[in-house]
Amino acid sequence: MLSFENVYKRYPDAGEALSDVNFHLDKGEMAFLTGRSGAGKSTLLKLIAMMEKSSRGKVMLDGHNLSTIGERRIPYLRRHLGLIFQDYKLLNDRTVFDNVALPLIVIGINHQEISRRVRAALDKVGLLGKEKKYPLALSGGEQQRVGIARAIVNKPRLILADEPTGNLDPDLSLEVMLMFEEFKHVGVTVLIATHDIDLITRLGYRVLKLDKGHLMANQT
Amino acid sequence: MKHRREKSVIGRLGEQLEAYLLNHAHGLFSSLGRLCRTPFTSAMTILVLAVAIALAGGFYIMVANIQQLTGNLETSNQMSLFLRDNVSDSAGQKLAEQLKANPAVESVKFINKQQAMDEFKANSGFADALKALDSNPLPSVIQLLPKNVLESNDDINRLMSEFKQLPQVEFVQVDMQWVEKVQTIMLIASRGVMLVGILLGFAVTFITGNTIRLELHNRQDEVFISKLVGATHAFIQRPFLYTGFWLGFISGFLGWLIITIMLLILENPVEKLSALYGGSFQLLYLSFSEFLLLMMIAPGLAVLGAWGVLNYQLRLLKPQ
Numbered sequence: 040m041l042s043f044e045n046v047y048k049r050y051p052d053a054g055e056a057l058s059d060v061n062f063h064l065d066k067g068e069m070a071f072l073t074g075r076s077g078a079g080k081s082t083l084l085k086l087i088a089m090m091e092k093s094s095r096g097k098v099m100l101d102g103h104n105l106s107t108i109g110e111r112r113i114p115y116l117r118r119h120l121g122l123i124f125q126d127y128k129l130l131n132d133r134t135v136f137d138n139v140a141l142p143l144i145v146i147g148i149n150h151q152e153i154s155r156r157v158r159a160a161l162d163k164v165g166l167l168g169k170e171k172k173y174p175l176a177l178s179g180g181e182q183q184r185v186g187i188a189r190a191i192v193n194k195p196r197l198i199l200a201d202e203p204t205g206n207l208d209p210d211l212s213l214e215v216m217l218m219f220e221e222f223k224h225v226g227v228t229v230l231i232a233t234h235d236i237d238l239i240t241r242l243g244y245r246v247l248k249l250d251k252g253h254l255m256a257n258q259t
Numbered sequence: 012m013k014h015r016r017e018k019s020v021i022g023r024l025g026e027q028l029e030a031y032l033l034n035h036a037h038g039l040f041s042s043l044g045r046l047c048r049t050p051f052t053s054a055m056t057i058l059v060l061a062v063a064i065a066l067a068g069g070f071y072i073m074v075a076n077i078q079q080l081t082g083n084l085e086t087s088n089q090m091s092l093f094l095r096d097n098v099s100d101s102a103g104q105k106l107a108e109q110l111k112a113n114p115a116v117e118s119v120k121f122i123n124k125q126q127a128m129d130e131f132k133a134n135s136g137f138a139d140a141l142k143a144l145d146s147n148p149l150p151s152v153i154q155l156l157p158k159n160v161l162e163s164n165d166d167i168n169r170l171m172s173e174f175k176q177l178p179q180v181e182f183v184q185v186d187m188q189w190v191e192k193v194q195t196i197m198l199i200a201s202r203g204v205m206l207v208g209i210l211l212g213f214a215v216t217f218i219t220g221n222t223i224r225l226e227l228h229n230r231q232d233e234v235f236i237s238k239l240v241g242a243t244h245a246f247i248q249r250p251f252l253y254t255g256f257w258l259g260f261i262s263g264f265l266g267w268l269i270i271t272i273m274l275l276i277l278e279n280p281v282e283k284l285s286a287l288y289g290g291s292f293q294l295l296y297l298s299f300s301e302f303l304l305l306m307m308i309a310p311g312l313a314v315l316g317a318w319g320v321l322n323y324q325l326r327l328l329k330p331q
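Same order as they appear, the protein sequences are chains A and Y. Using the numbering used here, the first residue of the first sequence is number 40, and each one after it goes up by one. Using the numbering used here, the first residue of the second sequence is number 12, and each one after it goes up by one.
One chain only, chain A, in its complex shape (with noise of 0.2 Å):
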């Protein structure tokens, strides 16, 4: 499903982000990426994202090498993600159903389409209801669960979650994380980096840990 071949990443200004990554997801496993700040955790998301290109080695989603991909596929790929974020990066000038139906739109699904499918994504996040609320009238929990609703409206086949739960805390936190597993048992990937060590022990998924640019661990 994902997999990472001696993957190198340089910033002109930066220097070495990632060097000689390596590692492989199969579909419907989920995964948590650690390490410090500027440990390599964003970069290596960005690359997946196809925010960035690998300076050398290969990424290669779905068979479909990321390193070398034209720009005019990239929309059509990210299609298949859904990415969620620490800031939410919602649009705050429109309402939660905008903002979860937003995927959708792009994709030119037909309105009774793009209705079924935001109201049965916010329901799986507990915030059916809330669709004509502004962003900002909503708590930090419930921003966040909006994001996860816009990531998973399209039925991605993979996840991918920037600290998820850095703005949380603990319940929420346990309970975004479950939302996830929940993903993962209908067959979808999941990659979340967090530094949150207590929720990756109690959980006890597959780790891949960051240092300085290198992948140290690879445990499952």
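Bear in mind the hints are in silico, worked out from the structure with no lab data behind them. Treat the hints loosely; a few may be bogus.
[To be verified] Label pairs and their in silico Cβ distance ranges:
#	chain 1	residue 1	chain 2	residue 2	range
1	A	Gly-226	Y	Asn-34	26 to 32 Å
2	A	Gly-165	Y	Leu-225	35 to 41 Å
3	Y	Leu-32	A	Ser-178	35 to 41 Å
Each residue gets a CB set at the ideal place from its N, CA and C atoms; glycine is no exception.
Starting from the known structure of chain A, arrange chain Y on it as the hints suggest.
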């Protein structure tokens, strides 16, 4: 459930088309709504564009009006022989008769000083001013029409220099020459219109482009997030292109309105002036087809400007 999955290909294509059209309609109206939500900024941009359009269109219609005036001038080979001041009426009349005998001459008409004065008084509208003059400054003239066989310029010129050598003649003027001069001036003027039009067209394109660039920066988050959920450039730039369209469309209409109002203000005095000269000059307005053309060119240029900027900027805007 099974029914849903077996939806025909045409049915699905139809749904996609419906979604696509809905998306366009949404872009069209939401961009208009967005312009209305920032009325001051939008009004400033639209006014600047409208003034540029009105300048180009106004210059165009001005030249068209003058052209209408000069277009009536016939290019004839009529010559005017202005006689020396000391030539008496009878001598002038005699000369005219002599000239008529010339085989190259078709017809001759002698106008003495007094006739010339009367004609000028009647046509110029300066009757009162002329009263103040002690003596008649106008010369006697022999108007002469060469035979049609003298079509070429060389023949005309030969005839002209022949007449010039007559002792009674002060100078000779061929009407065709000044008609040609006027027409050449008009040619320059219409070239000028074209150049000014191109220049102001560039202005419209770049002003719109810059406005769209600012708009794009104001909505950077939206662009980033749309990119991250898999939006293509075509999708992202659509609402911005529609914004460009509206800017061009509204300012095109406003530009037309400015031109029309200016012409309405000018119409009365122009007609008065025309009446003073005994003419029946009708002020030209932009015709319906010219209006339509304007309403296509203005949005066209605006969309072009928006498209150019988007094409360049969207590639630079990468989500962080």
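For a quick check of understanding: which of the numbered hints are violated here, in increasing order? Violated: none.
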